[in-house]
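Go by the hints and put chain S onto chain E.
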Amino acid sequence: MSWNKTLLNDIAKRAKSGKTTHRYIQSGTMMDELVIMPPMLSALGLAEDVDLTVELGLESTEGKLSMKVPYFLYCGFEPANSLTAAMLYAATTSGTFADLDTKDPSARKGVVNLGKWTPSRKEAPSILESDLIKLILNEGHDPYVHQDMDGNADIIKHVELLREATEYKKPIIMEFNVRDEMENVKMAVECGVDAVMVSDIGKGGLGSPVPGEPTLSCMGPALKAFEETSAREKGVKLLVKGDFRTSHDIYKALALGADAVGLTLPALLAISTNLSKPLLPEECVEAMAMKSDTCKDLDWKVAGKSLTNYLDSLKLDLKHLIYLSGHSRVRELSDEDIAAITYNAAAVTGVKLTGYGKKLPMWVH
Amino acid sequence: MAQTKVNTTKQINMALRSRVGKSKVVRIGGLKGHDSIAVGLAADIHITVDGDAGDFFGALNKGATLVLHGKAGRYLGDSMLSGKIITESEVGKELGHSMHGGVIVVKGDGGNKVGAFMKGGTILIAGNVGDDLGMGMEGGTIIVTGDIGKNAGFGMKGGNIFVGGEMDAVGKHAAILESTPDDKKVLADLFQQYAIKTKILVFEKIGREGTL
Numbered sequence: 001m002s003w004n005k006t007l008l009n010d011i012a013k014r015a016k017s018g019k020t021t022h023r024y025i026q027s028g029t030m031m032d033e034l035v036i037m038p039p040m041l042s043a044l045g046l047a048e049d050v051d052l053t054v055e056l057g058l059e060s061t062e063g064k065l066s067m068k069v070p071y072f073l074y075c076g077f078e079p080a081n082s083l084t085a086a087m088l089y090a091a092t093t094s095g096t097f098a099d100l101d102t103k104d105p106s107a108r109k110g111v112v113n114l115g116k117w118t119p120s121r122k123e124a125p126s127i128l129e130s131d132l133i134k135l136i137l138n139e140g141h142d143p144y145v146h147q148d149m150d151g152n153a154d155i156i157k158h159v160e161l162l163r164e165a166t167e168y169k170k171p172i173i174m175e176f177n178v179r180d181e182m183e184n185v186k187m188a189v190e191c192g193v194d195a196v197m198v199s200d201i202g203k204g205g206l207g208s209p210v211p212g213e214p215t216l217s218c219m220g221p222a223l224k225a226f227e228e229t230s231a232r233e234k235g236v237k238l239l240v241k242g243d244f245r246t247s248h249d250i251y252k253a254l255a256l257g258a259d260a261v262g263l264t265l266p267a268l269l270a271i272s273t274n275l276s277k278p279l280l281p282e283e284c285v286e287a288m289a290m291k292s293d294t295c296k297d298l299d300w301k302v303a304g305k306s307l308t309n310y311l312d313s314l315k316l317d318l319k320h321l322i323y324l325s326g327h328s329r330v331r332e333l334s335d336e337d338i339a340a341i342t343y344n345a346a347a348v349t350g351v352k353l354t355g356y357g358k359k360l361p362m363w364v365h
Numbered sequence: 001m002a003q004t005k006v007n008t009t010k011q012i013n014m015a016l017r018s019r020v021g022k023s024k025v026v027r028i029g030g031l032k033g034h035d036s037i038a039v040g041l042a043a044d045i046h047i048t049v050d051g052d053a054g055d056f057f058g059a060l061n062k063g064a065t066l067v068l069h070g071k072a073g074r075y076l077g078d079s080m081l082s083g084k085i086i087t088e089s090e091v092g093k094e095l096g097h098s099m100h101g102g103v104i105v106v107k108g109d110g111g112n113k114v115g116a117f118m119k120g121g122t123i124l125i126a127g128n129v130g131d132d133l134g135m136g137m138e139g140g141t142i143i144v145t146g147d148i149g150k151n152a153g154f155g156m157k158g159g160n161i162f163v164g165g166e167m168d169a170v171g172k173h174a175a176i177l178e179s180t181p182d183d184k185k186v187l188a189d190l191f192q193q194y195a196i197k198t199k200i201l202v203f204e205k206i207g208r209e210g211t212l
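Just so you know, the sequences run in chain order E and S.
So in the numbering used here, spot 230 of the first sequence is number 230, and the numbers just go up one at a time.
So in the numbering used here, spot 50 of the second sequence is number 50, and the numbers just go up one at a time.
Next up, chain E with everything else stripped away, as it sits in the complex (with noise of 0.2 Å):
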């Protein structure tokens, strides 16, 4: 990494408080490294007629969720309390959800409600109220290591569990945050969960302590395990966190294979604009957190609003996007939908390489 505004700016800082300080840190997403193919061939019927829908829900499952666009919001931190709102806010008007770190119960009414699970912090009042669930597993521990499980046989029995107390009535995510996403993700599909969230943030994205690896390389191996798995078979599907930016790296990572991405710093910018400043990137964590006073003021229903057109906006694109590839449902979009511009991006993602024409040997068999 060379030496940049951002990182003398972070030493400045340091040496005025003596305290640490948490910015983003970009891992690169590789994203540019891919590129739309569209055959410029229109579906029948318009762009404002293709269906976006995602249902999470297996057949088993009672209660499914339909998110209305293919993706959600996320924090990788506990953010302020109206960044909160807001978040909620505009999640539950475009039809989606909000995957957020927040302890105040309140929050959560009258929006679409995610209720989480982990070993350490199970929220049990939430759980039985949530319209889905998400189970977390080793956050920040090796994988098979849980306070309360011993290995998968006890995995499986806690979403026995998470099913009969809530009457198979809501959808049951399983997320992970370490490395071998190949062997969790089998795991995870082998648990019967409705959904799988793999995300960078292990690996350096938003709220990570280090850069790491590219988004894009946590989902080869998590849609390999698909494929292992027959999960798509069986209506599991694959939810994404990353360090997505425009509609452009959605439309790559839903042509890639995710069924919905969670996006972050692009909705902790859209919100900023509301601040007197707005801010850069790198300032988000620090300035966005709930320890921080830069949001105190914040009119979360203005900038839901502000995070709702954004929203808004990115869900026309996609819907254009779409329509140009000649498909009238995104779940239409496949890898023959993009192409690697570079022989890395390639290997990493196993979709064809432009020029050479075809995917690299190392992902034929």
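Note that these hints are calculated values from the structure, not bench results.
Note that CB positions come from ideal geometry on N, CA and C, so glycine has one too.
Take these hints with a grain of salt, some might be off.
Said to hold, decoys possible - Taking CB as the label site, the calculated pair distances span:
| # | chain 1 | residue 1 | chain 2 | residue 2 | range |
| --- | --- | --- | --- | --- | --- |
| 1 | E | K68 | S | R17 | 28 to 34 Å |
| 2 | E | N309 | S | R27 | 56 to 62 Å |
| 3 | S | S89 | E | S17 | 57 to 63 Å |
| 4 | S | R27 | E | K301 | 36 to 42 Å |
| 5 | S | R17 | E | D101 | 49 to 55 Å |
| 6 | E | M182 | S | G158 | 38 to 44 Å |
| 7 | S | V25 | E | E167 | 20 to 26 Å |
| 8 | E | G151 | S | S89 | 22 to 28 Å |
| 9 | E | A47 | S | R17 | 43 to 49 Å |
| 10 | S | D189 | E | K169 | 36 to 42 Å |
| 11 | E | K68 | S | G158 | 38 to 44 Å |
| 12 | E | D101 | S | D189 | 35 to 41 Å |
Structure of chain S alone, referenced to chain E:
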């Protein structure tokens, strides 16, 4: 009382839920180690269970009273919010894990990590327990009439533990505190309410170090 023959965990729980609002008292017989029985019940209902329960018996309970005449596996009353669970026999490890409220009474021995990460409520054990009692607990009360293993109260942030039997050194961040007359009254009331017979007059009180 109508009798229904069911086999799987899902069937048993569905049968239980079908009685909510219709019966105040329900009896289940012949349980054979099924996991996740009577979980997440948000109802004022009294359920008596004959047989052995598997893991997560009464987890996420929200108001029901569950009486188990048999052994229970691990995580009994996990994340329970309110209501009561009373067992007449021994229970596996980590009972009352992350419990938020309500009462668990065990008339037998408990395993390791009883009341780990407990936030509130009461656990009363008329027997012995293993190591790591009340590990990381943030609130609530645990009472053990028998002996406890090592490391009790490790990392506790709040709540109290009362021990009537032998005990090893407490864990990091925990300390032996002086019992108050109020503590003694609370214990005596609980013993009377749940018919726990004990001749022990002095209980050691464990709390977070630095608290009174």
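Against the structure, the hints:
1. Distance hint check: the CB atoms of K68 (chain E) and R17 (chain S) are about 31 Å apart, consistent with the given range 28 to 34 Å.
2. At about 58 Å, the CB distance of N309 (chain E) to R27 (chain S) agrees with the hint of 56 to 62 Å.
3. S89 (chain S) and S17 (chain E) have their C-beta atoms about 58 Å apart, which keeps the hinted 57 to 63 Å range intact.
4. In this structure, R27 (chain S) and K301 (chain E) break the distance hint of 36 to 42 Å, their C-beta atoms being roughly 52 Å apart.
5. Our hint of 49 to 55 Å for R17 (chain S) and D101 (chain E) is violated, since their Cβ atoms are close to 32 Å apart.
6. Checked against the hint of 38 to 44 Å, the pair M182 (chain E) and G158 (chain S) passes, with Cβ atoms roughly 41 Å apart.
7. For the pair V25 (chain S) and E167 (chain E), the supplied restraint of 20 to 26 Å holds, since their beta-carbon distance comes to about 22 Å.
8. In this structure the supplied range 22 to 28 Å holds for G151 (chain E) paired with S89 (chain S), their Cβ-Cβ distance being about 26 Å.
9. A C-beta distance of roughly 46 Å is found between A47 (chain E) and R17 (chain S), which places it inside the suggested range of 43 to 49 Å.
10. Between D189 (chain S) and K169 (chain E) the beta carbons are some 39 Å apart, a value that agrees with the proposed interval 36 to 42 Å.
11. For K68 (chain E) and G158 (chain S), the Cβ-Cβ distance of about 43 Å falls inside the hinted range of 38 to 44 Å, so the restraint holds.
12. One distance hint, 35 to 41 Å for the beta-carbon pair D101 (chain E) and D189 (chain S), holds here, with the actual separation near 39 Å.
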